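**Student:** Given these sequences and hints, build the entire structure.
Protein sequences appear in the order of chains A and B. Position 203, counted from 1, in the first sequence is what the working numbering calls 1457; the numbers after and before it change by one each time, with no gaps. Position 179, counted from 1, in the second sequence is what the working numbering calls 738; the numbers after and before it change by one each time, with no gaps.
In short, the hints are calculated from the structure, not lab data. Do not rely on the hints blindly, as some may be mistaken.
A few chain B residues that face chain A, going by a derived Cβ cut-off under 7 Å, partial list only [said to hold, decoys possible]:
| # | residue |
| --- | --- |
| 1 | 760 |
| 2 | 895 |
| 3 | 898 |
| 4 | 899 |
| 5 | 932 |
| 6 | 934 |
| 7 | 936 |
| 8 | 938 |
| 9 | 939 |
Computed from a predicted model, the values in this text were never measured in an experiment. Backbone N, C-alpha and C fix where the C-beta goes; we use that ideal spot for every residue, glycine too.
Spelled out, the chains give:
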Amino acid sequence: MRRTLLAATLAAVIAALLAASVVTPPDGFAPGWVKAEALRTFGGSRLFDHIDGGAELYLEFGFKTLGVQRYARGADELVLEVYEMTGAESALGLYLMKCGIETPLVAIAARNSSEAAQFTILKGQYFLHVNNASGREDLVPAMTALANRALETVPDERPADLLSMLPAEGLVPGSAVLFRGPVGLQAVFTLGEGDILEQRGDVFGVSGAYEEPLDGRFSVILVAYPDSARAAAAYAGLEARLDPYLTIIQKGESAFVFKDFKKEYGRAELKGDRIEIRVGLVTPPALWPTLRPSGSWPPARSQGEPPPG
Amino acid sequence: MKRHAYRSMESRLSLNRRDFFRVGGAAGAVAGIGLLAGRSLAAAQEQAPAPPAKPATNIADALKFPRTKTSLPGPFPGRVVEVRDPASVSGAKVDAAAVRAMFAKGMMALTGKDLVSSFGLFFTKDDVVGIKVNPVGPGLISTRLEVVDAVIDWLAAGGLPRRNIVVWDRFDYMLKDAGFTPERYPGVSFEGLQTMDEAAAEGKTKDNSRWLRPDGTHVSADNFDRDVFYWADVEGPKDEPYLNQHVFNGKHSYFGRLLTRKLTKIINVPVFKNTGNAISMATKNIGYGAVCNTNRLHKPLFLDVCVEVPAFPVLRDKWVLTVTDGIKGQYDGGPGPEAKFIYDQGALFFGTDPFAMDLVCHTLLVAKRKEMGVKVNEHPQFTEYLRYAERLGLGVADPAKIAHIKA
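**Tutor:** Printed below as a string of structure tokens:
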């Protein structure tokens, strides 16, 4: 029994060490470049010791460890930051929030958005930065070599296809993001204080911008819960604690329409195990929209939903 | 990239992340779902946590002090001057002559006087003038040395002895890292309100002797005035890393003695950058830069601190001018420096009303964020603090009453 327990403990320790391992290329990843100091690691909430504010977004998505390795070649300096997240979806969510308009460098062997001052890279459950504080273009080849050496040992893993929850029609390219709580949601829209959609750190939401001839540009926010009971509870909480700057102007059993501080409109609806919200509409939406052909937005109501009214 | 260990915000999550489950579900969540399924919606609604009320503060104490002729918003409430010269910056290179010309133009447009005469509107030759800079992102988005050059030269030309000029920030080592040194500015002094051991904060060493005294107090504790404080009913964490960075961890944020005992006037020279959906410019540079023990305030009082701290006479009556350094700007990723979002802007902003200036700069930053395809949340909560300041008589926040002058 004791031996089994010991073996299990040892296995857990090894697994934890492997999980926490940070891959950093050795000296000579490019001619003349060497490590300038020992690897520094930050786990969990110690991330605040490294990042100037904003660490809460990393933590909200699910952060495990960060490894920071400084490299030098004479007076030149590059810094590699390897963030290990709790899953590929967490890393993707962070990447989409951080990449801005993607400007990929094809020479880098993973999805990236790069410029001379900083490479932002996504692979599996890892999110990487290669920082070049000087911003000098002539250091880009060394940055590329550093990034690719680091990526060689980063395991690949495909995230669940959360973004496909968003309807494709009208979606503005590059606008889709993930969020896993109030910090991420805040970047899109304020629906209320705290964890207003009751994601509790375990449910991802998606959001994207849409362009439509009638409504102009607006945003869609979707959260799919593990089951309809939890979705219903979250919907009830949303309606009860809706931001005071949002005024409900029409309400049904499982949907409501609201007006916001910019005199634009929004609509929230409980649809089975999901909450679907549209914000930034120029014209007030109907509480129960006329059914549209399959595949268009908003999707047709499912059977058993309350009648329009 | 140099990144200071500046823990300016704390996590808003208190969940145990080991309990998280990945997409598709995990056993850890099942128990919670089962409980919820058994409840009625009404019950779930009843038990939904109400948003936490804001903690009480001692703002009423600040408001008891009669205003003086130098109190905020100063002689030009609601007036904000913007000067642009695209040639003033190109990448890492800043054209000092161009910045100097922009400064002169801006001050003349603000005051209606020539540069030398404008000095007398704010200072006498006996003043001790503190220049508050923002050195957090050296080389990327910190206050440009060339802008401070222009300010110092203006003060000196007005007759202020250089020994009466103090360039200051909350952290001493940040000043040095950003290039604010006696070698660069002969005759001028430099003061950080506190020190912090970066190595200890970053976990490089377990040796706390460089910041912690044997009696358990911070070596910078005496730099703060125990008689002048901002109190808020929220306590700072008791751990050593927090104390290292914040000097105290109770419910008091003491003002630096530099401000309460030495400086007679303050010029604020913040940078142009965001903090999430809000901005970290004129009022945040002072609100979070003039007192200690601030991290505890971020979550419950965030932008209100940018109003309530400057409402105390030690700032309200001494902070006479703001020159926002928009030579570079950062439109996303702030308040920490994020190279990808930093751009050449070539702008300086001038005003005596920091709240009007924040509104103008907030509007410009939102426009930039939209232009760059960044998601923008324009909820009023991100500018509510400006209207709060207006209600307290500290500045103008009504766009209709703000004169945004492009000189």
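**Student:** If you test the structure against every hint from before, which numbers come out violated?
**Tutor:** none
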